[in-house]
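> Sequence:
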Amino acid sequence: MATSDVASSVLLNMGNGSGIDVIKLARDLADAEMMPQQDRVTRAKTDTEAAISAYAVLKYNVELLTEQFNGLNDAQELATPIAVSSNTPAVSIGSTQGSAVSGSHQIDVTQLAASQRNRSSEYTSSTESLNSGSAFDITVTSNGSTQTIGVDAGDDTPAGVVAAINASGTGFTATLIDTDTAGTNYRIVLQGPSGEDNAFTISSTPDLGFHTAGNQLQSAANALLTVDGMSIERTSNTISDAISGVTLNLNAVASGTSLQVTNDTTTLKEKLKELVATYNVVQVVLNELSDPASTEEEVGGALSNDMAFVRSVRDAIYAAVTTDSSTPSGDVSALRDLGIELTKTGTLSFNEATYDEVVLNNFSDVVTMLSAGTTNQSAYDGADQGLAFDSMEVINGLMDSMDGIFAVREDTATQQLRTYEDRLLAIELRMEKVYQSYLKQFSVMEDLVNTLNGTRDYVKQQLDSIANIGQDN
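Numbering (my numbering), first residue to last: -2 to 470.
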C-alpha cells in the first residue's frame, strides 16, 4: 500500500500533461499586456479625428456667416430700386439700376427723336432690273461723312438694293414695301439713325428717286424734354443719363409726367434675416461641439477639451455683429440700429418694426453704414468700407490659411493624428513580439511537460512491476 501511495503521489504531482492551448494563451497574455496602451492611443486617435471633423463643420458655418456679410458690402445690392411713371404711354421705364436714388421727378416731353426716312421711285416688281444687270454704287452722306454701298451685278433689283443696304454696316436700314397699287406697287424705304445730326442725302446712278420731291417721309429730329426744369436734348428716345440709375423710354409728346423712384427695402430686410439665422446656427454648432454631454453623432463634444478655441471663435463672431461701422451715417452706426439684437442666450433676434422705422426715412444712412455707399470693394483699398467689410475682416482673421486659428488647429490635429497612427503601428509590432516571446516560452514548457509525461509513464511502469512482485510473494 505504501508503494502504491508513493506512486499515486508522484503521478499526481507530475500531472497528466498540460492540455493547454498555448497559442491562444500566448495571444491572450500579449493582449492583456499591450491592449490598455493600445486602447488609450486608439481613443486619443478617435478623439483627434472627431476634432478635425468638428473644425471642418465649424469652419464651414463660419464661412457661411462671412458670405452673409459679403452680401451687405455692395451699395447697389442692398435694395431694389423701383421707378414708376404716372403716364407710361408718354414716358415708360426701360430699366432701373441699383444706383437709382429715391426721389420724385417731373418730365415734360416736347419733341420725340426721329430718324429721316425717304422712299424710292415706284417699281413694278421686287426683281425689276434697275441698271440692266450691271453693278452700281449708292452714296450716302450724313453728319459730314460719306459712305458708299455697292450693289453687285445681277443684284440691281429693288430686293437686291434692300439686301445691299442692310448688309452694309453703315447704320442705314432699308425695307421693300408692296403698296398693293396696280402696276408700279413696290417702293424702297430708307431709314437712317435717329437724331437731327443724322439727316442724310443719297445719290446713285441709276437714280433711285430717294430725293424726288415728296419722297421724304420723315425728317431727322432730336428728342427735347425737361427733367425737373432742366432742358435736355438727345438723339434717341431711350435716355439713360437724365435720371441716375433709370432708363427712360419716350413714347409721346406730353407734359406733367411724374416719376417716382423708391427703394424696395425688403431685399435688405431678407439679407439681415439670413445673417441673423446664420449667426444663430454658428452658435448652435459651437454649443454642440463644446458640450461633452452632446448626443450629436461623430462631432458632438469633440471640442470640449479645446475651450480656448471655442471662445476665440465666439469672441470673433460676437465682435463682427456688435462692432460699430467705420462709416456711420446720421443716427445709424451698427447692426443694433437696424433692429438686430442680442438675446440672453447669446443668439440674435431681428426686430422688424425697428428696421421698418429706420429705413423709412434713413435708408441712405443705412446703406452708407453698411457699405460706405460703395461698390466692388477691395481689401487693398485703404479707405473705410463700412460695417459689412469691417466684420468680414474680423472673421477672416480666424480663417487665414497661414496663421488663422482654424489653420493652426487643423495642422496641429493632423500632426497628432499621424503621431497616433505611428504609435499604434509600433504597439502592434510590440504586441507581435510579446506574443512570439510567450509562444516560445510555452513551447519550451510543452516540451518539458512531454518529457515529464514520458518519465511519469516509465516510473509508473516500474512501480507497477514492483507491486506485482510483492503480490507474488
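By construction, these hints were calculated from the structure, which means they are not laboratory data. Treat the hints with care, since some could be wrong.
In silico DSS-like pairs for lysine-lysine, Cα to Cα no more than 30 Å straight-line [claimed, not checked]: (1) Lys437 - Lys21; (2) Lys430 - Lys21; (3) Lys430 - Lys457; (4) Lys430 - Lys42; (5) Lys268 - Lys56; (6) Lys56 - Lys42; (7) Lys341 - Lys56.
Computed from a predicted structure; not experimentally measured.
> Would the pair Lys437 and Lys21 pass a check requiring their Cα atoms to be no farther apart than 30 Å?
Between Lys437 and Lys21 the Cα gap is close to 13 Å, so the pair holds against 30 Å.
> Sort out whether Lys56 lies within 30 Å of Lys341, counting only the CA atoms.
holds (25 Å)
> Do the alpha carbons of Lys430 and Lys21 lie within 30 Å of each other, as the hint requires?
holds (15 Å)
> Is the straight-line distance between the alpha-carbon of Lys430 and that of Lys42 30 Å or less?
Holds, at roughly 23 Å.
> Please verify whether Lys56 and Lys42 have alpha carbons no more than 30 Å apart.
holds (21 Å)
> Hey, Lys268 versus Lys56, does the alpha-carbon distance stay inside 30 Å?
holds (21 Å)
> What's the verdict on Lys430 and Lys457, does the C-alpha distance respect the 30 Å limit or exceed it?
Violated, because 40 Å separates the two Cα atoms, which is more than 30 Å.
Hint 3 alone, counting from the list given before, is not met by this structure.
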